[in-house]
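Kindly generate the complete structure, drawing on both the sequences and the hints.
Chains as they are written, first to last, in UniProt numbering: chain A, 1 to 213; chain B, 1 to 1178.
Note that these hints are calculated values from the structure, not bench results.
Not one of these hints is a red herring.
Going by beta-carbon spacing under 10 Å, a handful of chain B positions derived as facing chain A:
| id | residue |
| --- | --- |
| 1 | Asp615 |
| 2 | Gln618 |
| 3 | Val635 |
| 4 | Ala639 |
| 5 | Met640 |
Glycine included, C-beta positions come from ideal geometry on N, C-alpha and C.
Single-letter residue listing:
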Amino acid sequence: MANKAGPQRPNGTAQAKICQFKLVLLGESAVGKSSLVLRFVKGQFHEYQESTIGAAFLTQTVCLDDTTVKFEIWDTAGQERYHSLAPMYYRGAQAAIVVYDVTNQDTFGRAKTWVKELQRQASPNIVIALAGNKADLANKRCVEYEEAQAYAEENGLLFMETSAKTGTNVNEIFLAIAKKLPKSETIGGSGSGQGRRLVESDTTAKTSTSCCK
Amino acid sequence: MSSNGDVESGSSVPDLDLDIAEIDDKDFTLPPAEKTLVKTNINDDESVISEDDIPNYLHQELLNPGFDDKGETGSVSSVGSKGANCIFTHKKLDPLPNILRHVVLKVVSAHLQLSGEGDCTAMAVGCLIGIGTSTGAILCYEKSQKHRWTHNQPEDGPVTAIAINTDSTRLLAGYALGLVLMLDTADAKVLRVISPESHTLSTAVLHVKFTDIPSLALLSDSGGSVFEISLKRVLGVRSWDSRCIFSGSRGEVVAVEPLLLNKLPTHPLAGSLLVAVATLSKVLLISLRPGTRLLFTQSLRSVATTLPLLSWQFVVIQVADSMRVMDPVLAVARHESIFFYQVSVERSGRLSCHGLHGLTLNYSAMACHWLSPRTIAVLDTESMLHLVDVRTKAELQVADLSGIGLVFNSFAFEGACTGGNVSKAMALAGKKACYNSVASFGNQLLLLEPKALHVISIRFWSERIDNLIKANRFEEALKLGMNFYEEREKAVLGLKGTREIRRMQVKEKVVDTLSKFIDNILADDPEINLCEAIPLVVEYCLDLDQKDLIFDKLWNGLNDGRSLFLESMEAAILEGKLVQIPPEVMQRLVSFQQSKQSWDILEECIQRVEVTCLDIEQVIKLCKKQNLYSALISVWNRAMSDYTSPIIELVPKLKSFLTNEGSASSECRRLGNLLLVYVASCLSGSLGEEKGERAQVVRAMASQHSLSAPDDEPPFPYIRTLLEFDSREFLNALVIAFSDTGLSMTMKQRLVDIIIQVMTDGTSFRCTDIARALTTLRSSTVGRSLRMEASLYTDTVSRLVTEEEVPAAERESALLQLFLSGALSCLEHDVLLEFAKSANFYQVCSVIHERRGDYGEVLKSQLADPNRREHVFSFFEQSPHKHDMGILEPENMEALLKIDAKKTGQLLVRHIPESISDIITKLSEEQLYPFLQGMIEESDLDTEHMTRYVCLMCRFEPHKVLQVVKSHDNIELDPAIKVCQERGLDEVTAVLLERSGDVQGAFNVLLSRLQTAIKNEEKDTERMTEELVSLAQRGSTVLDSKTSWMPLLMCLLKLNSTELLQRVLNNADLNLVSELHLLMQHSRGTLGELRALIMGLFVKCRHQKRMLEATKRLHMSGLHGELAVALDQAKVGCRSPLFCHICSAPFSSGLYLFRCGHGYHEECILPNTKCIECYKDS
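Take a look at the structure:
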């Protein structure tokens, strides 16, 4: 009757709790959303990443102090024809990363529209991060860091310039989001916790009173 | 353990306070038992009635005595019975019969051991337990098992019966020597001493019973009588009075059971007192109040060693129109059967009692008690306890109680203390009487051992689940829980309140169990079989809507069982139980199915789950790779509101199938049909309500070129491909969509224009396809409003007429359909006719002619058409324009006769009979015969035609002539005879000759034929002879016997057939003597030749003589009989009456006396000679 979870189990005994968050990536096509996620989840980078169809789903767990944060990541397609899809994903999301390409001014403009749409349509508690991707291509830069920084501050967004290719700031931006997300409060203050579930992983430990098999 | 001593033998146990829980199974010599914590629960009275229905009836005070509602066994726990024994054993994998719980009342039992009051003999249960012993002591225990008092009465023999009243304030005890005591339960004070004189002298008391009336008790004794004892109290002095209500001399009563209503004060029966009484041969139901009356009696004979058993219970019975009544039901058990009798109050207030369905047992019952309104417990003679569900007759559990040494009341039944003054039958039956040692109380059954008391009760529902959980049998616990939840389980105890509350209680419990079970699964419990456990958990969690449990807890915790988990998901999705599933799980499910290559299931699953659960990229890539078109379309439509991709991406795929594999390949058909359905549902608006997508689809279909098209791509590739795939079905799909008005006319027109353009440019479509397309379009609801160029029709028609490579029949039917659809209204009929004639499309011609009212031409084209020529008759038959067709025109008639002269005949008779005579003259004989045949099938012919027909038949079908001639009278004889004679049809000739009156002629013809036949030794001479004989008989008046019988007899003689000869002799009323003479003259006179004939004559003569004698004898005996009767009558004397029957005056001298006994004066009767009284009427 011993109920000790094996060490192979990721959410076994070590952490006190697991928080599960739904995160959505938005942005113009070819700004590097999928690359960013791929770098974060698998640590890989493909020079010729195929364009996403519709939306792709990935998960990644990060440890933050005594909490395990599990990200359910929806990587949406940037192409115009899939835009109708986006609301379906950001509606229940607790976090969003709006990505633009620092070498392309248009994508920054498009990112601003996304931010506006999120502020209008998404849950009011949503944590929005702005990511200026392809920071490694400094020589082709069109969007200045300061400009974006100012915009982010103005709108209360997390902001980082990232590079999926080199990995700069990729984990950092996700961690920053994880830190900013409310973890202590119990599920859903104002119905925004639709996709979030709090799993008490120590319930198993409680029941195991006897150790002998 | 050993310090407890041997409990069975009753040896001393040092201290009452010792931990009784340690008394082991062995000490009680009980079967091996599992130790479980059990609390005794003696006083949950209300389970007497169905728990749902109590509140209406139940008196408030009785509702909750020491019983709380939380589903625990919450009554007073027995002191020191923490580890009481559960007797029922179970092994792993055996179904665990856990409904019944067996407990030993340890404190009571231990006290009985120590008290030294002898062995227990009788027991009663209320809120107290009263036990009588063999030394005459009465012990009273409280429900907490605490001993309250002991009363000793050693001089009256053992206690044989005990009763406790309903509020447990009084106790009645009957003794073997006949004494009955009434005690106050509070302090054992003797309130009344009811001396043995109250009942039959020197008999033991068998039963004492309290009734609803506090001042009335019942008593039955070993003499078999029943007494009612009135308990009076006059001026503070308690006294009693007894009255015999059933004497043992009329059958010895062995069981008495009053119906107790005290729990239901509002029941319509309140105020009456019913008692069920059973003798060894009968069961009776007696009403004692308001008046003494026998309500019901039923014979109950059975094996002599068995006793009748009585038990009352209130049962809710569903009456028609949703009325429910709660009526008492009496269970009467004896040997192998249980009968149920329902007592109900009729509208008039009368009580009625009728039988319900009974039960047949395969064991002999020794005790039988209700434990709940639906369940009855039967203890059999082998000490097995059977728990039976009354409604379904299912045996819920069997418990082996052979470990209990039950007390029997045989002592009282045998009259052991009163010198055995009982009947043999009573003593024999009483051997296994346990009326006073087995008692039921609510849902509990108490069994008395000489030194111990056992309780068997139905477990509470939650306890049953817990029991299974403790045994680590979660699967069964869950199944049981679900059975409670779905209300499938029987003998459910402890669930109360409305249905919702009950379900909520159960749900909570099951969810709790599920959670525990999942913990165990996750703890890698080696005893859990994941293959069974996971699907079960998933199923129940979904049924109870506990997705958190499976997705958060189970899924996240599982390692090895994930594929099992996914399989359960799959099943749940396919069953439609699950549409929302975490994307992570769905992602894994898709990969799992991909690895299993179960594409069909994958496709089904994708279509069934909500689109937000899907990793769209994963799904779409996979579906494209595996050609899961339905799933693709579903995702496109649902996720992206994309209705054009199916056209833009899948139609080119269809095209490549068509060019590479042809339209017949299954893959191609599958995709093609799917697309056709998709197009139809899109265009008709059944896929979505938003307006956009219909226009989207039309625009996509109407696009001039596909994306990334090669330069040589023909225009409108999508529509072209669909048309090439199956033009007919595509057009049908379109036509269905066109019927929806939501699709604008311009869109429809646009699609039609493209279709026409695609079909007419180039040569890839056959002319018939085009024609069919035009027909379909034209017949659609919007056909008339579609704009079409006239030249299109002309071109199509001319192609239909000229294109030789398509079979003519197809072209013709296509043209016909086109014409009938009305599409060709722009073309002149003449032009069309020209076209049709040029291609020999006769059918088209006839339809056009018909339209123009030119029916003569219609007939002509029909006759000209080699395919439809045969059907001209039915065509004519159905045509309403028969007379306008000019059928009588010589050339038409000639053609018709050529096709079928017989049918022509029929036709003419039916429709144009007046023309027949004209036509007949023009016919050749070969045509005339079938023509007439046709006519005769329709109606009778006149004489002239009939004669003609017969003559022709003689020529063409001579073997049928006889039949026809026999059945038809209207034949001219002379010409017919002539023809027949010419053709040598002798039989026909004979028939005709006979009909003409020339019987002799007919006879001659037949005779000569017979003679020839005999000469040639043909076979059917007998038949010919018979014919001849019957002819001769028919014509015997006309025929000269010399020329008829004579030759016949001669013939027969030659044949030497005595049998035939005999028949001739029997039939003919000939003057045989003269015949014989004639015969002699005509023959050569040797006797030998005539021997047979003469012998025949002798036989006939003898026979006739015998007949004569017999007749004479009969006649004589008849006469003699009549005479004897007359004589007998004359001998009988006759009493003469005193008065004349007419004037009523006495007779003085003579009288007329008749045989009937009536007499008259001479002057009164004359002139009558018959009795006037008897022949009044005449």
